[in-house]
Amino acid sequence: MDITTFIGATVGFLLIALGIMLRGAGGIDFTQFLAFYNFPSMLITFGGAICATLINYPLSQVLGVFKIAKKVLTEPGESTVGIIEQFVSLCQKARKEGFLALEEDVKKMDNDFMRRGLQMVIDGQDADFIRNLMETELTFIQERHKVGQEIFIALGTYSPAFGMIGTIIGLILMLRNLQDQAQIAAGMAVALLTTFYGAMAAYLIFLPIAGKLKRRSEEEILIKEVIIRGVLLLQSGVAPSVMEANLQAYLSPALRKAALAKEKAAREQMAAEKPPEEGTASQQTSEGK
Amino acid sequence: MDITTFIGATVGFLLIALGIMLRGAGGIDFTQFLAFYNFPSMLITFGGAICATLINYPLSQVLGVFKIAKKVLTEPGESTVGIIEQFVSLCQKARKEGFLALEEDVKKMDNDFMRRGLQMVIDGQDADFIRNLMETELTFIQERHKVGQEIFIALGTYSPAFGMIGTIIGLILMLRNLQDQAQIAAGMAVALLTTFYGAMAAYLIFLPIAGKLKRRSEEEILIKEVIIRGVLLLQSGVAPSVMEANLQAYLSPALRKAALAKEKAAREQMAAEKPPEEGTASQQTSEGK
Amino acid sequence: MDITTFIGATVGFLLIALGIMLRGAGGIDFTQFLAFYNFPSMLITFGGAICATLINYPLSQVLGVFKIAKKVLTEPGESTVGIIEQFVSLCQKARKEGFLALEEDVKKMDNDFMRRGLQMVIDGQDADFIRNLMETELTFIQERHKVGQEIFIALGTYSPAFGMIGTIIGLILMLRNLQDQAQIAAGMAVALLTTFYGAMAAYLIFLPIAGKLKRRSEEEILIKEVIIRGVLLLQSGVAPSVMEANLQAYLSPALRKAALAKEKAAREQMAAEKPPEEGTASQQTSEGK
Amino acid sequence: MDITTFIGATVGFLLIALGIMLRGAGGIDFTQFLAFYNFPSMLITFGGAICATLINYPLSQVLGVFKIAKKVLTEPGESTVGIIEQFVSLCQKARKEGFLALEEDVKKMDNDFMRRGLQMVIDGQDADFIRNLMETELTFIQERHKVGQEIFIALGTYSPAFGMIGTIIGLILMLRNLQDQAQIAAGMAVALLTTFYGAMAAYLIFLPIAGKLKRRSEEEILIKEVIIRGVLLLQSGVAPSVMEANLQAYLSPALRKAALAKEKAAREQMAAEKPPEEGTASQQTSEGK
Amino acid sequence: MDITTFIGATVGFLLIALGIMLRGAGGIDFTQFLAFYNFPSMLITFGGAICATLINYPLSQVLGVFKIAKKVLTEPGESTVGIIEQFVSLCQKARKEGFLALEEDVKKMDNDFMRRGLQMVIDGQDADFIRNLMETELTFIQERHKVGQEIFIALGTYSPAFGMIGTIIGLILMLRNLQDQAQIAAGMAVALLTTFYGAMAAYLIFLPIAGKLKRRSEEEILIKEVIIRGVLLLQSGVAPSVMEANLQAYLSPALRKAALAKEKAAREQMAAEKPPEEGTASQQTSEGK
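Chains as they are written, first to last, in the working numbering: chain E, 1 to 289; chain L, 1 to 289; chain X, 1 to 289; chain G, 1 to 289; chain B, 1 to 289.
Extracted from the complex, chain E is given alone in its bound form:
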């Protein structure tokens, strides 16, 4: 689990626990927590929410989503800047030595999606075939990620619903069995617990994780879009500078400035080593900026 998710959830629980303890009589009061544990309430809230989710989604997808969630939450997220650098250097090599010379580099790559795309270029597939295959695959990756988010959203929707159902159950039971005032209050307190469980689970766990999965998925899709564009530009045989200018449009301004500074230094070195390219390469970035 990535550190922000973990810290966010832990600190959230601690702050709310602190808020509960400070409400006690004298200073911090640990006995307050006794009011917040009730096993039958947990059965109703979480049992109901999980079973509704199991009806809603095939079992394989419910189990699979925890794998996706874990993978997406831990994955450090590849650097777009790194991918762009790889493409620029592949582009330079391909221009000098041809696509077949890339085979060794490609085999060593970690990114499975990029490796397969580049292998198709080396194999001499045409652009339409490559674009078609890679975009179909991207669509399906998005689809699978969306199912993962949907399952967490379902958990975050069913939890408060069964919390509310549990509270109604508690009220019905309390109203039926009421004898003295104290029992009413205790009954009410227990009845409200399911609403508390459901809301905490939804707003501190399920819905924020669904949101994080969405963000992570968008980042992964963006990197894969850069890869598809890079593979197609590589195959079309553009100059490394054009490759770079095209892919850098995907960067945020801050990242682009850093990349430009680095690249400028590198380019000056290169300019000393090899003669300038013909026409297309006179990029805006190389003009006394």
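Worth flagging that the hints you see were computed from the coordinates, not collected in a lab. Be aware that one or more of the hints could be misleading.
If several chains are the same, the list does not tell them apart, and a pair holds so long as it fits within one copy or across any two.
As the list claims (entries may be wrong) - In silico lysine-lysine, BS3-like type, Cα no more than 27 Å apart, as pairs:
| # | residue 1 | residue 2 |
| --- | --- | --- |
| 1 | Lys-93 | Lys-146 |
| 2 | Lys-107 | Lys-257 |
| 3 | Lys-214 | Lys-93 |
| 4 | Lys-107 | Lys-93 |
| 5 | Lys-70 | Lys-257 |
| 6 | Lys-96 | Lys-214 |
None of the values given here were measured: they were computed from a predicted structure.
Assemble chains L, X, G and B onto chain E, guided by the hints.
This is chains L, X, G and B only, laid out in the frame that chain E set:
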């Protein structure tokens, strides 16, 4: 009914029942359930919800949806992998013996949609005609599935609404007839029952089933998209390896890896039997992976 | 009003009335209903909802919508199968005798949209002109239907809102004037009545009728799409069998099977009478199925 | 302000006031209204809602929206039928005397959008340039109208929200200062007033006006679409009958029938005066209907 | 922070504070505020909402959003009219002296996006390359702005949610510890505070700021769209008058009228200085208006 749906609903009911019993005085208390049965409350909640749904949708569609639901919930879901294998072997046969040779195989197929698509190829229809007919049909299948989901969503929306209406009815009657304290409590308990019925029906039955129908529909549509692509590729006369690479983009990575392993073994056998194809077939998958 | 809408609303009211009566003291108790009539509450709920709708929509559209609603709810819904049969027979006649021979048949048609489309074919308009006019008209029919649904949805949104406003008014008045306990209870009961009126009107009348209008509109649009396709195919001079295959893709599987059986019988007869067409007509349906 | 909006709001307020008065002790009771005025409650509800809207939208847009609202609510709405008639007569004149002859008529037109479009035709701009300019302008008109609707929707969302906040404030103050029973009831009544203000403002004023703005905007956009089509058809030099048939597809059936009857009479007159046009003009509407 | 946002928030707080004070016993009562401060309630509401947002979004984006928010809220917003004037004068200069003559002007520009676009024109890049790069960048700017809005919407969603959770916690604790009446009321008052905090933060701060960010983003995107269009028109070498007519379609009518008046004066001057352009330039705006 498929097993997860059934188990999910049953376990959900049992867990909530257990939660109710554990709330009783001593250990597990079966008399608690007496508080949860009230016939007039059921009339109001389910009678209202079903009648509102009957106004909302034509009777034929309301009746038809249970058929669709049953079919979609039981259908084992055809394997995409199996469909792809069928297309690859049809493709090999068609290359050697022509489309007319496929007629025997096609007639034995279970999948009605695939059989009719292939029959059009054998009949020599042109690609636009085939694509047009199959895509129009797909659109209408989607439309019918959507109506099915909408009806369950309507039931899941009207149930809590009439549950709420029932509770208001109960409160009005209680407030009008109140004499002693005990009667107020009993009246409140009965009034809350309709909200309980409505929420349980919506969140444990109708909305999760609507969700499951959506999932199943997406799976069926995916398979039909693979079939349309396969039929059109077959008609265009591509090599079996191109057919396979194209259709495998629709698989999840796990399924693709399994399929690749299997295919590699098969291909090595084939390579021993027949000479390699010309150019297009040098797929990335056949390179020492 | 079509029978399901009427029955649904009536049975819904009866079931809820039965639920109310069964809540009474001994068996069925008609005096319970006295609690549910209050004229000022009706003024607030329905007066408010109708006035808000009149601000929201121009008067002419609010009045017009009841006409649309009535027309759409009563119209028996033309049969798509019948439309397809008409097109196939027109197609056969046009092939033998030319478009001008259709003039007599066209003048006798009930469907105004189809008649005007076919008249344009007879008048020799070109395909783009016909498609353009018919599709613009279809867009505007959809637009008008959408306004009808929106007005019922507005009524179904404003009713519970003014029901809630009425309840708050009732509570404020009750709290200001409270003297003895009994009066509080009676005041509460009256205050809740507006919420009851608003919810019943919304969930048993307005929202289900909005839903039914949507369904009916979709059916009408589908038939008009079949007509546009049929008119354009007719004008392009396709064979009757191609016309039939194209239009049948719009049918549900059940309807298609019935139509196929019928058509097969007819085709066998026809085959005995006239020589087979050239190439395009060797449909999949005519092959030993 | 147009009359329906004004009448709707006035009648709505009167009906609800009547409902309040009829709830009093004997017949109609004007002293009931004293319960519904409280200055601090108004400060909280409307002050909060207006300030939140001022944070949400730039000041210039909030001020501008009342101008748009006023203009859109008063504008009588141009008649689509009139616009079509103008185009047909311009078309006839242009055919006989050329585009330059239109200059005098165009200068006298009220509709600024139509005048500028026609002026571009007279100036000899090409079709792409005209379409581009007019469609860009249409997009921006839509955009500005949408901002107007959004501001009213914001007011209609923030009003009940601050009404609810006011009620919570009232409850907190009441609970802190409670001494005797009567004070509790009075405190509750005052606390509920903000909810009442917020809900009335939202459901009787802001949201219905937002809805009316949307309707009016759609009507204005439709007329502008007819104008764009008319200008482009005029420039392409079509026959007046083709112009008419094309633009009438934008009319509702009722309006179209009226227009057809009128036009038929006019056409018969014209037919007596000038020889029939060549081919394209033999419209369906001119055939013995 | 821009002045409207600041004033709106301040006045909103003051009005609500005034409403609270006026509710006191005699005139304005400052001691009322004591009821609205409670540290544990703040911990639960804001601690919970911020932690949930930190789980939902990567830390870098949560921190970055305050920078975006600050930048977007303070930026005076460039004038579209000014941008259009710059493009017209660049266009005139380019026509007379060629693109290279623009280099000095371009280097002095403040707008980074415009400067880079124009530099590409000077560098002789082709139109597709320029459009592609600028539109990709625009898409990503929109994406980053959207993340900023989403984070404020998340804060505005989680705040009332944790306010509600805090109130349930307060109720559970109160019900468990109740001894005398006064304590119940105090407990209730404290329990409601979290709902008050959550609602105030959401409706007076987070959601309106999210709305303002959306507006500002739309303005910035509009200006960037004008710039892209201007850069592409400049590169295609159109006449200054065509440039002006095209870009003015993006102005609101009020701004356009002001611009037209100004431009007309300028044009009359220009007409005296240089001979009229050939054909395309005889704009509608230059005809005796």
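Hint check results:
no.	hint	in the structure
1	Lys-93 - Lys-146	neither (38 Å within a copy, 38 Å between copies)
2	Lys-107 - Lys-257	between (31 Å within a copy, 17 Å between copies)
3	Lys-214 - Lys-93	neither (36 Å within a copy, 45 Å between copies)
4	Lys-107 - Lys-93	within (15 Å within a copy, 35 Å between copies)
5	Lys-70 - Lys-257	between (33 Å within a copy, 20 Å between copies)
6	Lys-96 - Lys-214	neither (41 Å within a copy, 48 Å between copies)
Taken one by one, the earlier hints fail for this structure at numbers 1, 3, 6, listed in ascending order.
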